[in-house]
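Trainee: Residues per chain are reported as follows:
4 protein chains.
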Amino acid sequence: MKDLKAFTEFKVRFSEVDSMRVVWHGNYLKYFEDGREAFGLQHDLDYLKLYDLGFLTPIVHTELDFKWPLRYGDTGVIETRLESCLAAKIIHHYRIYNAHTEKTLVTGKTIQVFTDIKGQLILNNPDFYQNWKKLKGLS
Amino acid sequence: MKDLKAFTEFKVRFSEVDSMRVVWHGNYLKYFEDGREAFGLQHDLDYLKLYDLGFLTPIVHTELDFKWPLRYGDTGVIETRLESCLAAKIIHHYRIYNAHTEKTLVTGKTIQVFTDIKGQLILNNPDFYQNWKKLKGLS
Amino acid sequence: MKDLKAFTEFKVRFSEVDSMRVVWHGNYLKYFEDGREAFGLQHDLDYLKLYDLGFLTPIVHTELDFKWPLRYGDTGVIETRLESCLAAKIIHHYRIYNAHTEKTLVTGKTIQVFTDIKGQLILNNPDFYQNWKKLKGLS
Amino acid sequence: MKDLKAFTEFKVRFSEVDSMRVVWHGNYLKYFEDGREAFGLQHDLDYLKLYDLGFLTPIVHTELDFKWPLRYGDTGVIETRLESCLAAKIIHHYRIYNAHTEKTLVTGKTIQVFTDIKGQLILNNPDFYQNWKKLKGLS
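Chains as they are written, first to last, in my numbering: chain A, 1 to 139; chain B, 1001 to 1139; chain C, 2001 to 2139; chain D, 3001 to 3139.
Think of the hints as simulated: they come from the structure by calculation, not from any bench.
Every residue, glycine too, gets a C-beta built ideally from N, C-alpha and C.
In silico lysine-lysine, DSS-like type, Cα no more than 27 Å apart, as pairs:
#, chain 1, residue 1, chain 2, residue 2
1, C, Lys2011, A, Lys118
2, B, Lys1118, A, Lys118
3, A, Lys109, C, Lys2030
4, C, Lys2103, A, Lys109
5, C, Lys2011, B, Lys1011
6, B, Lys1030, D, Lys3030
7, C, Lys2030, B, Lys1030
8, C, Lys2030, D, Lys3030
9, C, Lys2109, A, Lys89
10, C, Lys2011, A, Lys30
11, A, Lys30, B, Lys1011
Residues of chain B clear of chain C, computed beta-carbon distances all greater than 12 Å:
#, residue
12, His1061
13, Asp1065
14, Asn1098
15, Leu1138
The following block holds chain A by itself, in its conformation from the complex (with noise of 0.2 Å):
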């Protein structure tokens, strides 16, 4: 079973800097917002397709570890990776390093579940949803 993975490079925005210099925390979660995009461009997970459908993936839950910070003018890459799991959920894990020393600076992860278009949860992965997984040998 293939580890699906995707990889972007970015630099940090001179509006996303704190007053201490370095990247305000919150930020990260637009990154990894961006490296789920990445991801699903690359592997070819339209969500757009599955609002299409009628599904949501609002996020659960969400964690950050923050080791080192990046500054302005630094460029970074997100690697984003799919945990597979059965149950219908979509997990990332992502890992934000330095493009230049490759130091892991920021790691996390995301959990978003399948809802209806009244945001009614949905127990089972839609069908596009699982042969996607199929079609990439994820299941």
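Got chain A sorted already, so can you dock chains B, C and D onto it with the hints?
Mentor: Okay, now just chains B, C and D, sitting in the frame of chain A:
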């Protein structure tokens, strides 16, 4: 003809300050938005009602003049004023000042137009808005 | 031993809501920050004093559980609680609930450590913080 | 006299879109900032060098005209142009257009001044900036 105004006090958040230790200039558009909302609440201009009636009010122009900065922990006041005009536009003027010294820090302006739900421009003031203006002695 | 808490009411801003019409999940870290600040003000824990004494308190870990969303115009309350601990750490727990229904919407936690001005980890509680804890009956 | 420009491509992030499913208007100031930074990198105008020499370049004025919206997933291009001027000011003009259709979506302008590290206005162009302009054939 009255000059309708609203006043909103706010405290600068840590996450709104940049590495120069002053509020990042783009965040003043959030304060303006807070001011507009307070104006609507105070003067019974119900934007959600407008949306329900099928109107959107996108911003088509904004300008800001930055005289003095706000810092983390500072308390500011947003003075929001409606400029009465005949055209189908909503024009607000803003003055942000220090709550303690009353020194003017930032001034600005936004212009909104009316569109239908598809974004098509509407050239006449919606009845709802026209009535509201009459009620407030603005037309 | 008392359990120190602070309560902060807030209104959801238009700019905090995403295209699903709920607060974008990353914005809850801003609310947590507002909660921490309110906690400090209410209980005389003066972060700026700490900075002046040469200490920084970077966040090294955070986690959030999202149960129910907040929407534009909703009023929420942030309950911020300090978890007393012997180690040189500041641990806060957060509960965000709807101001009207009192339904719990989001819970979470942040862990901060002490570093010197250069970011070097400090393994013992600074005297200033130790004294504050004693004063508050927390140690 | 050359007309210095820089072009920066970007993809709209999910977190930049508001509940109307278009980019929240304040986020265009982030795009402008990205454009300015790209301009500096491309044309060797090193802001950090300026800071090291003791100069800050705060924004004192900005204006934006919103013609058409950007949506989640859209790719835009920021065209950043320097307006040459004799006064001790940095004036940039921006045009954001759709990368595919090349339709102009948003235009705008920022004016920056020079101050010393304490925020005191400087009335003459710093030597560093004057030399840079000469080098680029701008004065």
